[in-house]
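Participant: Those protein sequences? They're chains R and D, same order as listed. The first sequence lines up with residues 1 to 82 when you count with the numbering used here. The second sequence lines up with residues 1001 to 1880 when you count with the numbering used here.
Please note: incorrect hints may appear among the correct ones.
[Claimed, not checked] One side only, chain D facing chain R, incomplete, derived with CB under 10 Å:
1. R1125
2. T1836
3. Y1841
4. D1843
5. E1851
By construction, these hints were calculated from the structure, which means they are not laboratory data. Here a beta-carbon is modelled for each residue, glycine too, at the ideal position from N, C-alpha and C.
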Amino acid sequence: MSEKLKFKILEHELVPEHEVLKPEEAIEVLRSLGVRPEQLPYIRASDPVARAIGAKPGDIVKITRKSPTAGKIVVYRFVIAG
Amino acid sequence: MVAEKEIKSIKFGILSPDMIRKMSTTAIVTPDVYDENGMPVKGGVMDPKLGVIEPDQRCETCGNKLALCPGHFGSLELARPVIHIGFVKHIYELLRATCRKCGKLKIPEDEIERYLRLLEKLRDRWPQLAESLSEYVKRKAMKVYECPHCGERQYRIRYEKPTTFIEEGPLGKLTPTFIRDWLSRIPDRHLRVMGYDPETAHPAWAIITVLPVPPIAVRPSILLETGIRAEDDLTHKLVDIIRTNERLKEAINVGSPEIIIEDLWDLLQYHITTYIDNEVPGVPPAKRRSGSPLRTLAQRLKGKEGRFRNNLSGKRVDFSARTVISPDPYLSINEVGVPVEVAMNLTVPVRVTPWNVDELRRYVLNGPFKYPGANYVIEPNGRRLDLRYNKDLKAVAEALKPGFVVERHLIDGDIVLFNRQPSLHRMSIMAHVVKVLPGRTFRLHLAVCPPYNADFDGDEMNLHVPQTPEAQAEARMLLLVQDHILSPRYGGPIIGGIQDYISGGYLLSSKATYLTKDRVSDLLASINYEGEIPEPAILAPKQAWLGKQIISLLLPEDFNFAKEAKISSGAFKCQDEECFWDSYVLVKKGKFLMGVIDKNSIGAQQPESMLHYLIMEYGSSFGRQFMDRAFKLFLRFIEMRGFTMTLDDILVPERAYEEIREVYKRALEEVNKALKLYEEGKLEVTPGRTLEESLELKILEILSKARDEAGEIAVKYLNPFNNVFIMAKTGARGSALNITQMAAMLGQQSVRGERIHRGYTNRTLPFFERGDIGPEARGFVVNSFVKGLTPIEMFFHAAGGREGLVDTAVRTSQSGYMQRRLINSLLDVVVEYDGTVRAAYGDLIQFRYGEDGVDPKNTSFGKAVNVDRIVKKHVGWKIG
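Work out the full structure, taking the sequences as your base and the hints as a guide.
Facilitator: Right, dumping it as structure tokens:
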């Protein structure tokens, strides 16, 4: 299958906004939450969205998604191998 | 002083033979337990060196008395080693993953080195990953059929339950001795790669060479009344083991044939297996003489009755009481009525201070047998005086001074925890304020029945007395009933008016209620009202007050509220202030202007009700006080007026029955028409259903319509303001369906949502023709409860009723198990002060509780802010 034919999941309505954090930002997030990276929820590097945004194991991904209660919520995930 | 230490971690391992020998105070050598004089035999399983059993005796090993001697292990040297049943899985795994000759892991050395380094890195941060790496390594090694270290050819190893390993090669059956030697050959590094820690749990130790014999305290013998001593199951099993071991030793020494030795060896393996776990699949459980299986080591720990669930997770506690509950509407909802007898057994420790010494002296003087007294006095040196056996209470009372602690009886105002099982939500345990009462039951206010799901048909409840000031303060601040009026489940009051409170509230607030001055005084006196009596609503010809005026006295002066009442339906429907039927509740500036009190205003489990807003806007203390007073008032009024239910309330004239019969006849015709269509194959088929299903649905629809019509006919002939209607319409008790079933027609009985169709061949009962699928033959009940059911109808009704009973029984057991699993998985998830939800080690579950950080208890229907309500609250009514 050629690149062109591939489905662009990032543009799908149900896929929330994902973003790989820069190391400085990641450290700040971890500091403010007071956690070690592995205490965050995980996302696999093989996750289609993680692959699409080029997240590598060890990265921290910021996800901004819609929430039925709060309208919008920002969550973070730690990228693990697999 | 003993140094205090903190437990950082716990590590489990396997006892090594050396360790067992070191632990052992005595070698067990003989199967004899007692000699002819009944004294324990030295070297037997009851050897006195294993610990003291009688008080005042000194331990031969540690020199302590019963209370201080922890008990000591002995040991038994086995003539031949046997496999520990708990570790067979690991043994099997290791035998397959390692070489039969050199014992090394069947993976090249350099790879092992790599895996080991990787494992080392993973261990701290990714324990689960480390585990799956070990698993992967093992799986990989098992597939190798030639040892990469020594080149030895490998054979498949078969495991035969429960404890036999067979090599499908030259060796055949592997003896435990051989297996032990094999496992000992595995290099430590290789064990580590496979996830074993050879320091604390070397797999070779999973083969038992020395059996630890537990102290007597672990397996106490009990003295029966007959004077015969009954030994513990473990002791019996140990004797079996020793006896078999002796025979095996003997057989080896005299050089018996190999078969006999092997038989004895297997027998020893059996005894030791059942000694450890008597429920191993494939092993016949060891039985007592009575035929019941023995409770051996694993059985002591496992399951609901095991050590963990019964003795560690759940303990029996002191300072608790349990008895039947009964209602008392004169208590506050915060209170619980405690019988004097119970109050005299439960105590609260009170430290003596200069300010309470006189009071406490009085308690001590009263002693344990006179209420309110005290049961114990604890002196500053820790000595405990039992006042039951103290003749000179006066002296004890005199001696009281600061530093003493008096354990006094429970008195009014103490705080206790009250609980009813099953404890399904947090409102199942709440703190109540004690009110000591005569009688033998716990008394509680009727409004707290819903949170406990309690009724008074024999329910029992538990009561616990918090002993420390910290616990008491916590109970008072956090657990008091008034702080749980609002349920976090749906953000509405779970505590509120039920049954007669609602009927009473309706009757009092009804337009038709006029009260004389006497009545008003009586009502207000019942709630100890101390203010002025308002101006009468009617001045001439006689002064008269409206019930609404009385209720207004309890409302805050700035309270505004407007909502449809529960009775607002059908002909009495009102949706705004212009309401002829008085079914629109309107409160402006604390004045109850219009509408009636019913379930929608004060009912339990009714969110967005008047009660809900009163509690939300004026706090739980006000809410409690409002409920205490309003409910007492409603009850007083309903007592004054009288309220009952009579046959007349549901009896309709013969004319109505004729009409109902007519309705039924029409329905029957319709059913027959549908049946005819069905037989001719012309029946319209519902999409997605078979022809038969469509017919059933059609019939059900016709019959349910018939019942509804019958109900309407009955209602037509009944007084819409009779007692039964009042209860149904206000939501106090019962429903329109109940009235229909009593007065008009029971309708279709069903099992599993279908008409009743099982029983005999092609018919439900022998009274019908085969193949009859008309209404009566399939469980349609034409009669009402008032008219009485025919025997056949009664049978169908019973069939439908039985289903309900079976359903509840099945549902409770299933949901109970689900609840248990949910709680076990969620019990240490907590909302931290920063608003995040975290597990026990600080792992993040949610970045913000519920994503909006809102406590559902303080919301209405989950919305943090209810704009409509704010407008109504301040303007008094909704604009536009």
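Participant: Classify the hint on E1851(D) as holds or violated, based on whether any CB of chain R lies nearer than 10 Å to its CB.
Facilitator: holds, 4 Å
Participant: Would the hint on Y1841(D) be counted as holding, given a Cβ-Cβ threshold of 10 Å to chain R?
Facilitator: Holds, about 7 Å.
Participant: Against chain R, run the beta carbon of T1836(D) and see if the smallest gap drops under 10 Å.
Facilitator: Status holds, d = 7 Å.
Participant: Less than 10 Å between beta-carbons is the criterion; does R1125(D) satisfy it with respect to chain R?
Facilitator: At 6 Å from the nearest chain R Cβ, R1125(D) passes the 10 Å test, so the hint holds.
Participant: Should the interface hint for D1843(D) be scored as holding, given a Cβ-Cβ cut-off of 10 Å against chain R?
Facilitator: For D1843(D), the interface hint holds, since the closest Cβ of chain R sits about 5 Å away, which is under 10 Å.
Checked against the numbered hints listed earlier, the structure breaks none of them; every hint is satisfied.
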